[in-house]
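J.: Below are the chains, spelled out letter by letter.
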Amino acid sequence: MMTNPPRWADRILEWYCRDEILEDLQGDLHEIFRKNAREKGLFRARLTYIVDVIKFFRFYTIKQFKPDSIMQALILLFSYWKTSLRNITRTKLFSLINLSGLAISMSTGILMIVLLAEIHQFDMMHEKRDRIFRVINTFKNGNDAAEPCASTSPLVAQKLAGLDAVDKVVLMRRNASGDFQFEDKTIPLGGFWASTDFLDVFSFEVLEGDPQTALRDPNTIVLTETTSQKLFGNESALGKSLHGLNDNLYTVTAVVKDPPLYSHLQFDFLASFITFEEARRAQGDESLYDWSNMWMYYTYILLNDAAQKTRVDQFLEKTNQEQNTRYENTSYSASLQALTDIVPGPNLSNQTRTRVNINMIWILLALSVIVVLSACFNYTNLSIARSLGRAREVGIRKVIGASRGQVLTQFVMEAIVFSLFAMILALGLFFLIRPYFLSIGEFDLPVNLDFKIWYLVPVTAFAVMTGFMAGFLPSLVLSKIKAIIALKDVTRIRLFSGINLRMVLMVFQFTIAMAMIIATVISYRQYRFAVNFDLGYDTENVLNIKAQGNDSRKLALEFSRIPGVQAVSRSIMIPSTGDSWGNYAKHVDPADSTIYNYNLVDENYLTLHNFTFLAGSNFKELPDGSVSREIIVNEEMLRRFDLGDPIEAIGKQLTLLDEGAYQITGVVADFQFKTIDSGNRPFVFKQSTEDYAIINLKLRSRDMQQLMGQLQDTWKQIDQVHPFEAEFFDDRIEEAYAEYTSIIKIVGFLSLLSISISILGLLGMTIYLTQSRLREISIRKILGASESSLALQLSRTFLGAIIVSGVIAAGITYYFFEVRFLSNFAHRINIGILDLGSGLIIISLIALCTMGWHLIKVVRANPATILRSE
Amino acid sequence: MKSTSIGEFEELVLLTVAAQHDQAYGVSIKESLEEILDRKVNISAIHVALKRMEDKGLVKGRFGGITSERGGRRKKFYVITIAGKKEVDRQYAIRTGIYHQIPKISFGT
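So the sequences go chain by chain: A and B.
If you read the first sequence in this note's numbering, its first letter stands for residue 1, the second for the next number, and so on.
If you read the second sequence in this note's numbering, its first letter stands for residue 1001, the second for the next number, and so on.
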């Protein structure tokens, strides 16, 4: 029994190998194959054969392009180009359909390319970027989920500085912001405390001053160009003194160019870290170098050689273990993150600015690939369907002498030409959708999506690839057509696995479109649910105003005078929007501590927001200077420490870390403190000994605008420097869920795209199918079939495809949302049948309209005229 | 005149061609070398070596020998030329010469 080596490998060999050496070479390979098949089995033999075919792919074996065959190839290509153009213009409708489909999908492709190119540029300006690493920290407390953070403890910086492998260490602290004064100007600025080597490690262009010494001494500051302009106009800033942070005088030692858009570090100034360190020490605070002090500081290291990273990793491992023995339930684990992995990168807490979540990028990429595939399948479908029409052309070409390969090339070329035209359209579309995409600012992508000329290279490559993908299958089909049969009797040609493949492609398109629709529906419902969720207290018409350093009591008093302001209270933070402040508490057992969240509030806060008291009483007004030892807790706190029911809990004591013992004087019902993806934690309300940062106003007025105006005027009387910053609580809550609005917008947009593409495909198929069955329809009509039964029969295949798609789409989205996405939320909607069916319903409706309109036209036509012209 | 220095592998192939005298072709050379060297030899390496040596004039090829196993394709037999034989002799002389210079080396018990 003579077995053969794998045919396809053989064909590859024949394709690339020179004719002169092919014979004996291939003969040898076949002989070896036979021997191996006998001795080692068929599998081994085939494997060896394939490997050998690959190994033979060398310079001396490859066919050389002879000059005159290049001429030939070019002439051929040119004729293909002409034929392609002719074909495109001849079938205008199909061409238009294909073109639009491809163009629409390719515009998303272009969007992705530009987006990726821009994001890739992040932090690229640093010369030493390959050797720069950020130290990140993972915080884990008890049974809570581990929380990775971008910030770490300064102790890490200290320890790493001693390592051989580490060249330089940069230590920074965030939240260096405040007002700076120079002569008569006062300007609010934001920046970092940064250690000496900052300007050495990072490549921010220094305009004035010496980067080596700029941050070395205490009370020195580096300004950006814009800041220097604001304070000193056109004068040189060097040597001038500013009054600012912590009431200090700072000398300007350098001026740098503004950090570019693509830098994850953004600042108006850099103050020398040593200033901060000395100030802390002067206050007697030695906690700076605590291992647990990880929330406000960033550490970056410059390695001598990037290959040394593993050494540093090991060192950090060891340090983690040593340091964490001090803490019982908590651990802080430091590790390295490459500078280039920051943006786009994993979702860490405490990032220096808004992040670009790498998961989001992957999802966007996957979605655009799907959309492009969808359009390609359109093209494939329509082209295969139209093969019959081209069969005669193929037959003639083959008779004249075209090889199968040449016919294949011709049709692939046609698809590529198509694709290139589509690309031009797509570029236009891209500029149209660009502002729309940028306006999805909620996820705050710091990109411009500028289209640089060199982008045309990857975009064209993308277009060619798309064309190839779309055209390959139909070309295979068309090139298989046998010449004689094609010329003799067109109807006798059997299309290759015709129906099944086309139906599969169609189902794919519909499934995508439906899945997108369902995803949009569910995401939107969850979003509205989140925004309207009953938090357990009132947020309606509550306006939160930032005090910005002014006396909160004075502000509260002035605001309360305005008619329309129903109530005033003060607090230090705004809950239920994602922020949280936490600490540790113990009850009686010194070994049992729990983390809790808190808000410092005045005596009016709880009543203004209508918190439900279950026991005890509210805070009383604290006279200046006195300290209160009272706290009001929520039910979760009672559960945590087994304090009994609310009435029993009154009077019990809790010890708060670093603050001492407090007595519970009130209990409120549980409320939703964090965003709805989290459950509840024990919560404490306390009165503040310092000033409050936020004034809460309960407003009631018919003319909100006038009221806002009055508030603004009142503010201006008290504070002329800072702008009036106020936000309605409800607006803030919506903002907290802004990430979801962006997801909804994107998925919604993609749904529109996929719907259009599928419908275009459906339209094309319908037109084609009815055209090819015109004769049959007319005959049936004459024989007495009713119009409706005809329509039904014609649309039967499509209806089947739609239903199958509906089921698949429902299954996929259900799995994704139920198991993956919504399970992350502590509070979420239930996915209903209507949600899952929405895709099916909408597509069916649209399909009905498009198909229906055309079908009706065809079915109503006079059979006599059709048969006469056949 | 092209330089006639050849590598170690090419030398082995050349020797085998000479040894199989007029019956040497791709597969036979491969099998012989695999047996002698006790390691796998790749057929493409042999073909490259043969081609290079043919270009240098050390071997000459002729067609013949169709079998059904080869699917009706002819074999290309290689014969060593005068220049090739000279080269083989030269290499042998060099190696034997140095070999005979080695004093008795004892490697311990």
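A couple of the hints might just be wrong.
Each pair of labels, with its calculated beta carbon distance range [to be verified]:
| no. | chain 1 | residue 1 | chain 2 | residue 2 | range |
| --- | --- | --- | --- | --- | --- |
| 1 | A | Q72 | B | Q1023 | 38 to 44 Å |
| 2 | B | G1061 | A | F43 | 30 to 36 Å |
| 3 | B | E1035 | A | F43 | 21 to 27 Å |
| 4 | B | E1035 | A | P6 | 26 to 32 Å |
| 5 | B | E1035 | A | A306 | 44 to 50 Å |
No lab work stands behind these hints: they were computed from the structure.
For glycine and all other residues, C-beta sits at the position ideal for the given N, C-alpha and C.
J.: Checked against the structure, which of the hints given earlier come out wrong?
T.: As far as the earlier hints go, not one is violated by this structure.
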